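Since chain A is already given, all that's left is putting chain B on it; use the hints.
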Amino acid sequence: AQRVTQPEKLLSVFKGAPVELKCNYSYSGSPELFWYVQYSRQRLQLLLRHISRESIKGFTADLNKGETSFHLKKPFAQEEDSAMYYCALSPINFNKFYFGSGTKLNVKP
Amino acid sequence: GAGVSQTPSNKVTEKGKYVELRCDPISGHTALYWYRQSLGQGPEFLIYFQGTGAADDSGLPNDRFFAVRPEGSVSTLKIQRTERGDSAVYLCASSLTGGVQGRTEAFFGQGTRLTVV
Numbered sequence: 016a017q018r019v020t021q022p023e024k025l026l027s028v029f030k031g032a033p034v035e036l037k038c039n040y041s042y043s044g045s046p047e048l049f050w051y052v053q054y055s056r057q058r059l060q061l062l063l064r065h066i067s068r069e070s071i072k073g074f075t076a077d078l079n080k081g082e083t084s085f086h087l088k089k090p091f092a093q094e095e096d097s098a099m100y101y102c103a104l105s106p107i108n109f110n111k112f113y114f115g116s117g118t119k120l121n122v123k124p
Numbered sequence: 605g606a607g608v609s610q611t612p613s614n615k616v617t618e619k620g621k622y623v624e625l626r627c628d629p630i631s632g633h634t635a636l637y638w639y640r641q642s643l644g645q646g647p648e649f650l651i652y653f654q655g656t657g658a659a660d661d662s663g664l665p666n667d668r669f670f671a672v673r674p675e676g677s678v679s680t681l682k683i684q685r686t687e688r689g690d691s692a693v694y695l696c697a698s699s700l701t702g703g704v705q706g707r708t709e710a711f712f713g714q715g716t717r718l719t720v721v
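Going down the list, the sequences are from chains A and B.
Following the working numbering, the numbering of the first sequence begins with 16 at its first residue and continues without gaps.
Following the working numbering, the numbering of the second sequence begins with 605 at its first residue and continues without gaps.
The following block holds chain A by itself, in its conformation from the complex (with noise of 0.2 angstroms):
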């Protein structure tokens, strides 16, 4: 079955030290993997996916197979970062997301 761990519930750190958010799956095939983002009080959006190897805001995912991992990092966090982080993974056939819980990123001034 498809899952989607993100262990850390709270990530508090202070503005300007590094951040990663981890993020391990358990999928059969080989699926898309995904990091959304939603800051306070607005909608759920795309930060960024795994085919797309960009740098979105200064952050960064590697799709480790190996480790079925699909952590989220950052080398300087922001105020502005901070929010509830998604990971998530969709099968190939692209119908449907399956989330992880979220962890909430808090960036201490």
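No wet-lab data here; the hints were simulated from the structure.
Since the structure is predicted, the reported quantities are computational estimates derived from the model, not experimental observations.
Don't be surprised by glycine CBs; every beta carbon is placed ideally from N, CA and C.
With the C-beta cut set under 10 angstroms, the calculated list includes, among others, these residues of chain A facing chain B:
hint: 1; residue: Tyr51
hint: 2; residue: Leu61
hint: 3; residue: Phe114
hint: 4; residue: Ser116
Chain B only, in chain A's frame:
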């Protein structure tokens, strides 16, 4: 409109009542999704429409839940005989296409917060 619109934003209903939640997707988006998000959890898939048809309704928890999209645009999620456990935020999302040929970004609405008392 500029984005996915969901109405109402909040709905309080009594146990056993019937409710309808509406989703207006982005114009031209053929794929539409409903998700349910309980407190402290990530969104959970309910149903996916491609055009007017429900291509995947495997996430609907039981036969009290039903969704329609009669003209391939607006969708309504219907819940009969509501229970307190149905209390959650119901999210709608749309994308330009879906399926194998898709993989385009899904845009989410603000959600409808349903409270069953």
